[in-house]
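J.: Sequence:
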Amino acid sequence: MAELVYFTGTMDCGKSTLAAQVNYTHTSRGRRGLVFTKNDRAGQGVLSSRLGLEIAAIEVSEALNFFTYVLAETSPKDPVEFVICDEVQFYTREHIDQLAHVVDDLEIDVFAFGIASDFRTELFPGSCRLFELADRIQILQVEALCWCGRKATHNARTVNGMMVTEGDQVVPGDTGLEGQSVVGYEVLCRRHHMQGMSLNHPEAG
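Okay, so the sequence shown: first residue is 17 according to our numbering, each after it adds one.
What the hints contain is simulated information worked out from the structure, not anything from laboratory work.
Note that the Cβ used here is the ideal one computed from N, Cα and C, for glycine as well.
Check before you lean on any hint, since a few could be wrong.
Claimed, not checked - Derived Cβ-Cβ restraints for the label pairs, each shown as a range:
| no. | residue 1 | residue 2 | range |
| --- | --- | --- | --- |
| 1 | S77 | R48 | 19 to 25 Å |
| 2 | E75 | E219 | 26 to 32 Å |
| 3 | R166 | D120 | 39 to 45 Å |
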């Protein structure tokens, strides 16, 4: 039976790498799939990982209806057999409902990849809905590490190298600017996230 599977973990734990690997594994066995992403670091229409892997993907817009799109793409002679969705934290709750319908009504496997919570430790809407609807949730086993060496459990946003806990939920980082401030992201253990001690904090190290 088809499943809606949610693979999740912090940043830097290999989610997009695994998404690319799952796509390769299925397509190498002759299965046809569709790959979706949203707000990837490499730009629109690309699923990329920090290891340098890149594959073409369909950019998810607010107006996209997954059920309608997949239904139009599949046919008895040329069926869609799986769907990969990366960066699902940026999807809407309605998007996740549509993916559940793809699984239940079209009997197509959906593999979703994303982080659960934002820099404020609050769940993203798409991730929250996946926790509510997924048939199976897989916590990725590759552990990202805090600067102190402990297991990283929280995502942090930095502005000019210093951790912040206020602001819009979605702001491009690493290559983006917020006004004149350089926005970045890193992963921290719970202790240092609660203390607001990112890597560049005067007491870190």
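J.: Tell me, which hint numbers fail for this structure?
T.: 2
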